[in-house]
Amino acid sequence: MISAVVSLTSLGVVAAYGLSLASKKFHVEVDPRLEVLEGVLPGANCGACGYPGCSGFAAALLAGEAEPTSCAPANDETISKVAEVLGLEVGERVRLVAMRRCGGGLDKAVLQAQYEGIEDCRAAVLVGGGSKACLYSCMGFGTCRSVCPFDAITISDEGLPVIDPEKCTGCNKCVVACPRDILILQPFEHQVHVRCSSKDAGARVKKVCPVGCTACGICEKACPVNAITVQDNLASIDADLCVECGICAANCPQKTITDDLLPRPPVFITEECNGCTICAKVCPYDAISGQAKERHVVDESRCTGCQLCVERCPAHAIKSSGGKELAVA
Amino acid sequence: MKTLILIIISTVFINNFVLARFLGVCPFMGVSKKIETAIGMGMAVIFVMTVASAVTWNIQRFVLIPFDLGYLQTIMFILVIASLVQLVEIFIRKASPALYQALGIFLPLITTNCAVLGMAILSIQKDYNFISAITFALGSGIGFTVALLLMAGIRERLEMADVPKPFTGTAAAYVTAGLLSLAFMGFSGMVK
Chain U
1 MISAVVSLTS LGVVAAYGLS LASKKFHVEV DPRLEVLEGV LPGANCGACG YPGCSGFAAA
61 LLAGEAEPTS CAPANDETIS KVAEVLGLEV GERVRLVAMR RCGGGLDKAV LQAQYEGIED
121 CRAAVLVGGG SKACLYSCMG FGTCRSVCPF DAITISDEGL PVIDPEKCTG CNKCVVACPR
181 DILILQPFEH QVHVRCSSKD AGARVKKVCP VGCTACGICE KACPVNAITV QDNLASIDAD
241 LCVECGICAA NCPQKTITDD LLPRPPVFIT EECNGCTICA KVCPYDAISG QAKERHVVDE
301 SRCTGCQLCV ERCPAHAIKS SGGKELAVA
Chain B
1001 MKTLILIIIS TVFINNFVLA RFLGVCPFMG VSKKIETAIG MGMAVIFVMT VASAVTWNIQ
1061 RFVLIPFDLG YLQTIMFILV IASLVQLVEI FIRKASPALY QALGIFLPLI TTNCAVLGMA
1121 ILSIQKDYNF ISAITFALGS GIGFTVALLL MAGIRERLEM ADVPKPFTGT AAAYVTAGLL
1181 SLAFMGFSGM VK
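Quick note, the sequences are listed as chains U and B, same order.
Residues 1 to 329 (my numbering) are what the first sequence spells out, left to right.
Residues 1001 to 1192 (my numbering) are what the second sequence spells out, left to right.
Treat each hint with caution, since some may be false.
[What the hints assert, rightly or not] Only pairs whose alpha carbons sit at most 25 Å apart, straight line, appear in this in silico DSS-like list of lysine-lysine: (1) B:Lys1034 with U:Lys24; (2) B:Lys1094 with U:Lys25; (3) B:Lys1034 with B:Lys1126; (4) B:Lys1094 with B:Lys1034; (5) U:Lys167 with U:Lys221.
Derived by calculation from the structure, the hints in this document are not laboratory data.
These figures come from a predicted structure and were not determined experimentally.
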């Protein structure tokens, strides 16, 4: 017993002493900024930057191979700190969060089978793809939830992942993990979404899901800024063009497009109105009325708060009556 | 002298650690993509094996047997190997940062490379004397390097070859390793 302790300890001490001597003798000078950077970075080791962990990213930053903005989980403060260490200027970056392109929960989607395999989407997709009839549906076994390093995803009672945009850092892990490409990254401010990824023709979609996109094209025509295109039997919204007016969501017959900004507060027209009538013409809901060269009024019962008129008013006389400020400039 | 030469031949070709005993397959697959890194890895393993064998033989002879501590063999040997690997790592980092980068995680993984521990334990089991044990370790290391180099050479050429898509990369590497192992089976039985 004593001999075991003594021999093992002494071997350990000798090895440790030898190593400490060697590390002094063969000491390699590293860039002192490396350590500082490793301290500043989030330390999640999520790999969203494409480098092996935060220390790999720090090394790439110092080598000038990576940009500070490639770090998905970092907030603006962290990035400015990193830039400070590197002596760089950082540009603006768009904060991205994950978005689920499926609205067919267990309460809505048509079921065709009972799946009793491993509770994992990647396993389910190999054996017929879970219980829902739609081949583009979210299977809801929560693979995205289990890969999320930030606990930003929960599975709702309807069996669909719900992404907490506050927690989501846009690290892309769930997007990669989802075997059906249900999840995509979208700008944080973008709140009007096509909750469907089905490329099936309309007739097939109607059979398997009451909230699937049938590619009817109504949203494409309704969009006042031409941000929606229907391609491969699926509508998609260009987040760069979208002004978040929500008209597509209001007109979608399948309720595939959701509008997370609802309810929007109605607008009102100030005294600066010069009666140009542009707003009344622009309004898709005929909520604005008034004679030319007189102050116009908004019918609050009809106004949906889409704020299309706000943008078009040459006198800047239309204001939102409170609530969330929109991205409309 | 004759026994020593036989030990070398035996460990390099007939009882090759990777291709006949199937020890140390992880770095064999992991570092065999380029000949340069394969040589670096091979040299590191040869060094670790030879020094580890010298140290572990003495530990076995002068500590474990006299004090009846045979049950501490594994932990003692791993401690020695781990320290040596650390030493090699510190040295390579200083001497050749490029090789350090290329070896990456496989360098610290020599610690848990079963070929190294296997060599140490086998040479005890075979009851070698000190010189034979070191020769055995040297041969094992050279055998590992030979296997790694052969594999790296083949894989470098495979990169250029027209391999059917499903077999590219790891799949082709495993098939190659299997065939290489089969080829080495031709040596079996030549030396005990």
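Okay, the hints, checked on the actual structure:
1. The suggested pairing of lysine 1034 of chain B with lysine 24 of chain U is violated, with an alpha-carbon distance near 32 Å, which exceeds 25 Å.
2. Straight-line distance between C-alpha atoms of lysine 1094 of chain B and lysine 25 of chain U comes to about 10 Å, which keeps the hinted pair within the 25 Å bound.
3. Under the criterion of a C-alpha separation no larger than 25 Å, the hint pairing lysine 1034 of chain B with lysine 1126 of chain B is inconsistent with the structure, at around 35 Å.
4. For the suggested pair lysine 1094 of chain B and lysine 1034 of chain B, the alpha carbons sit about 22 Å apart, so the restraint of at most 25 Å is met.
5. A hinted pair counts as satisfied when its Cα atoms are at most 25 Å apart, and lysine 167 of chain U with lysine 221 of chain U does not qualify at roughly 35 Å.
Taken one by one, the earlier hints fail for this structure at numbers 1, 3 and 5, listed in ascending order.
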